[in-house]
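Trainee: We have chain A; now place chain B onto it with these hints.
Here is what each chain is made of, one letter per residue.
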Amino acid sequence: MNEKFTNNINQEDTELAHKLQTVAEQTNANAHFMAELENKLKETHQLKAKRFMPRFEKITLALGWAALVVVFGLALSWSIRNLIPNPQPAANITSIPELASPTPISNTATIDYIVQANDTCASIADHFGVTVNEVMAVNKLTEPCTLLLGTVLKIPVKSAITQPVMPVSADGSYAWRNTKLFLAQPLPQIAPDSKVYALKPSQPGIQDAVLTLAQRFGIQGAAQELPPDFANNIGYFVTNGTQKLEVQANRHFIFYPNVTAPAVGTVSIEQAQTIIADFLKKYGFDFAYHLVESAPGSSAMQYTIIPLTPDGAEIRSDYLMPITYEFTIDGAGQVLAFSGFLLDYEALGTYQVITAENAFQSVLANVPQLGRMESVRGNGGGGGGGPGFYKLNLSGTPVPFPTTTPFPTLNTNVSGSNYIVQAGDTFASIAQTYGITVDELMNANNTTNPGTLMVGQPLIIPGAQAQNPYLGRVFENQRGIVMVNIYRKSDGSQRTEYAFITAKDGENYNLKLAGDGLQELEKYNNRPINIWAAIESTDQFGNMTAQVSRFEIPFPDLKIQIFRGSQHTAQINGQTAILFTTVDGTTYIQALPNGDPFIENPLVGVEGDEVLLEAINIPDDFNNGYPVLRTFGASLATSKNGQAVEMTVTADQPYIIDETPNTEVSVPPTLTIEKVELTYYLPNPLYGRNDQNADAQIIQPVWRFYGHYATGDEFEILVQALKREFLLPELAPYEPPG
Amino acid sequence: MTTLMAIQPESPPMDEIQLAREAVSNTDAFAELYRRHVLRVFRYHMAHTGNVKDSEDLTSQTFMAALEGIKSFRGSGSFAAWIMGIASKKRLMFFRGSKPDVTLDAALHYPSPSLPTDKAANQRLQLESIARAFRQIAPDRAEALGLSFFGGLSNLEVSRVLNKTEAAVKMLISRGLQDLRERTSLALEVEL
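Residue numbers (the working numbering), protein chains in the order written: chain A, 1 to 738; chain B, 1 to 192.
Same shape as in the complex, but just chain A:
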């Protein structure tokens, strides 16, 4: 990290600064939290990208400029682009062979979806995890599958209960998330019921708990307060000078049998097995358990056991990880510490559960649905999640479930709307975008008050079929800059594209040019041209092509140059612009290549620093009286270590893009499920004491599917196992642990 305070002469301040920096560098976020948040962001991003398509054309145009400049200055950016697969044209997607089995559609539940701009049959099918054929069949569409903006499509929902389990390949695999899932063993056949346990009610307070437990461990003494934790909860400890027991407010306890013992050496796992058994027996603990061979992240002296329920199953909790107890054992065989959560529960009763096969159907269902949670663990970190479990309904009468699978975050059913209001939208701006009048727009939405627009509000755009408002726009003698992109294939062939960037009537355009004789433009990359053209087509990403009938090169000898000077901000007509004064005293207004003066933060270094600009000054190009410098690159004239920076003109050469086929085609690894078992789940022992959330008290049966991806990452998924009559059709409250 860089020095923040080189001017600072105070040694103590410097030391403190280093301490702060060290603490900062040692601060890491929980890997699972980061993975969860990333998944959530991706999910939200994808939903947004879909809904907000109508705005994209404008955004792309606006951002085009920023990006353009970068592209010219920087080959590096293309390496990033290569990392990110470009969206495939829709035609390619639809040609993917159908993976899924011929699920009977006729009696399948459906949900409604409003077709958005740029949706394709394939993109919608993909989004909902169904096939194009299924979408077409349910909506009685015929080949080719084409959609109109605003159409209400029925999307078949594969219910966990009705979807048949059906191997799709000769190799015995199941189609699953664009890859294959193998079952290493047949699904187990088990008794159709399971116990349900409940944490014992009215557990004693922490202070009583510590005394009760201290008695068990044979420690005499008073309960004393531990320092408060971050949430200001108080825990207690009891000690007699040799033994010590701590119970934190969240009921996590640690027992130190001998606080004075030196901690040296380790024992073998076989020795540990005996030591742990003797220890538990000595203090009267009587439960079955597994010894974990090596728990991740534990030291050589730490041994982890997983306690089992009376019927011999593990209890899994957050991250789907089992609830455990930890032992620290030294080389002399002494237990130095024994810790875990106080968990006191009893059987509530026996309830019917779904079969392993039904649970497996839920695993195979692509549609996100309640009743399952999953986790992925590997070198790349953790991830997973899922909507979560249904609320429990153990004592009440059965509640009917809706025919569709409830999935609270996917609310696309906005009746008849085909536009979502964005920040900054007005009725006038939307009407203009779609080429309709404000009255038409307001009538269609049953409103007379222009102040009623709210961000996120769905709107009906009358007659807004996927017509792009830019289509047909005409340019006559329009000045702009031509950009020449040469695309090279690995076989040596190449093609050249000509793009034209300009601003007209307050809008920015980035047009692909089509027409005869354009190759003459090849030697004028980033130089001004005048064109006569009309926008004749647009693709699904909003990229527009203009047919050129005529063009002129007004300044054939004009060159891009390096300008040396300094920058100053100035207010011009109420807007902030950057003025650039060269060393010989000429003052220019700095602009993007399309001629827009910079309005945001384009300063290099600090105002007044000597700066180099790679730019072009077109002789008849003025803005508010200043000659315009259309700028492609910039740098400080002196680098940080005091050396003069050399800058050369590169923007006059065509931009060459290597179209090497991406060899790293992402194929999802196959998954093999090695273990299927009926086990238990408890929401979060930390919150077990919270009486407001009844489900947090229940240890319920779940089907656990555990296995590995071909990459070695661990995968597991828990499927809520209680039959539907013991569940409510809503999401169980989940309190994130602190």
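No wet-lab data here; the hints were simulated from the structure. Since this is a predicted model, take the numbers as computed values, not measurements. One or more hints might be untrue.
To be verified - Have a look at the derived ranges for each label pair, beta carbon to beta carbon: (1) B:ARG183 to A:GLY625: 34 to 40 Å; (2) A:GLN547 to B:ASP140: 53 to 59 Å; (3) A:THR711 to B:ARG183: 27 to 33 Å.
Said to hold, decoys possible - When the alpha-carbon atoms are kept at most 27 Å apart in a straight line, the in silico DSS-like pairs for lysine-lysine are as follows: (4) A:LYS391 to B:LYS53; (5) A:LYS42 to B:LYS53; (6) B:LYS170 to A:LYS19; (7) B:LYS89 to A:LYS42; (8) A:LYS154 to A:LYS140; (9) A:LYS19 to B:LYS53.
C-beta atoms are modelled at their ideal positions from N, C-alpha and C, and glycine is treated no differently.
Mentor: Okay, now just chain B, sitting in the frame of chain A:
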């Protein structure tokens, strides 16, 4: 190599501007930006709140807001400064007690930390001390220190976030360190 926007030697890699542009429509690009910057955001919030839960909430809120606003990132200045500007606003709103304006189901399924080791516990205590000390000194100085040391921003980037000159930022940091030393017990509490 000449580049337009972020040429300052201290600036982050240029590809971020291209990434940010891609991130408007490309989920993977947004995720990449997230992965690059999540730690600085989290650390900054840890330094000011001193607790994991609030920091995770605020980190979620910061990136949710960034997702909303990514299209307004114009590729000028550094992305780090932009995201930290959001983090800063989110934190101020958090302490004003206003309700989060994004749904926080992002904070759903992550579990409790396992038994903290002594080191991790010590680390948390130190962060708590820092958060407390930050509240005892002038807010703009604490803000500059948080952005600089925990957000990992250069002075130039801090100056962008705070809308001050670079020289003023240097002064804020220097005075802030002095305040921490003279007016709080932080120097004694943070032992490494």
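Trainee: Broken hints, numbered, in rising order?
Mentor: Hints 1, 3 are the ones this structure does not satisfy, whereas the remaining hints hold.
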